[in-house]
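Asks: Sequence:
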Amino acid sequence: MGGVDPYKNLKSADLTDVKTKLSVLSAAVVLLVVLVVGLLVALVTVTVLLSEKLQDVQEVTEELGLPEVGFKGEPGKGKTSITAYISGIIKQVLGNHTRDDKDKEDTGEFLLQGPFYRKDGEGEQTFLAKPMAHLTGSTLDGPHSLGHGHSNQSTVRVKEWESNQGLATLANGMKYRDGYIKIPADGLYYVYSQLYFRYMRDDKESRPTDNHQLLHYTYKKSATYRDKQEVMKSARTKCWSKRSQYGLLSSYQGGVFRLRAGDRLFVQVSNVAMVSFEEAASYFGAFMI
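Going by UniProt numbering, the first residue of the sequence shown is number 1, and it counts up by one from there.
Note that these hints are calculated values from the structure, not bench results.
Hints may be right or wrong, so weigh each one.
[As the list claims (entries may be wrong)] Cross-link-like lysine-lysine pairs, in silico, DSSO-like; alpha carbons within 30 Å at most: (1) K130 x K175; (2) K182 x K159; (3) K182 x K220.
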């Protein structure tokens with residue numbers, strides 16, 4: 001007996017419909033297999049990349065002195081679970097992203113410095129180190145000392161600031177040379193300066209002093225613009241009584257300015273011989289905010 005043809009009793013139209021459905025089903029199976037293979041390849045690739053990144057993180061933690069990364073439940077003293085570690089990294093990235101968006105909104109081309117890591121008794125802390133400088137008066141060089149002074153309307157640049165001793169500080173990329181503070185990165189900076197004028201009467205003087213014009217300027221000099229730009233100024237006219245053995249006057253300036261990398265700040269003053277360059281009396285500085 002011959003075999004029974006399963007398609008014998010089917011009409012031509014029905015046979016065509018069955019073959020079409022079988023073709024569609026076969027194509028769907030092939031597509032599903034391709035997708036599964038693709039997912040497996042992607043999973044293997046992600047696993048390899050994650051392994052490499054974790055190795056990089058491990059090397060960085062060793063260089064920075066952070067706790068060693070280990071898998072959750074892994075024995076060993078001082079190890080942090082991978083879950084907690086990744087959670088901390090995500091929080092750090094989200095925090096930096098929020099600060100970055102806010103800074104860009106406020107300042108435009110703002111350049112973040114860092115991040116830097118610090119270990120203390122409470123654990124690790126991540127912070128953004130910002131450029132800062134605080135220069136103080138120096139009595140070691142130049143005419144920076146107590147003086148009798150005479151009326152002098154011209155101003156001279158103060159060149160002899162102290163940058164690394166006593167109360168002075170220079171950090172995080174800020175540079176100082178020959179009276180200039182050099183800005184290392186674009187951003188908003190608080191700039192300030194104070195000059196302390198002290199008039200000492202000469203024993204031979206018996207009449208009131210002439211009017212002294214005490215001028216105090218803070219300037220910015222840009223790397224792309226030749227002329228200096230006045231950013232702050234103060235002026236006083238002072239006449240001390242003949243009965244005064246000495247006269248005191250302080251002039252303080254401070255303000256927030258948008259500065260760019262390469263900009264230089266400096267101070268000019270009249271009657272420089274009357275300025276007391278004690279470190280707590282006369283100072284000049286700037287820091288990123």
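Asks: Does the structure keep K182 and K220 at a Cα separation of 30 Å or less?
Replies: 10 Å, holds
Asks: Are the Cα positions of K130 and K175 separated by 30 Å at most?
Replies: 13 Å, holds
Asks: Has the given pair, K182 with K159, been kept, meaning a C-alpha gap of at most 30 Å?
Replies: 14 Å, holds
Violated hints for the displayed structure: none, as all numbered hints are satisfied.
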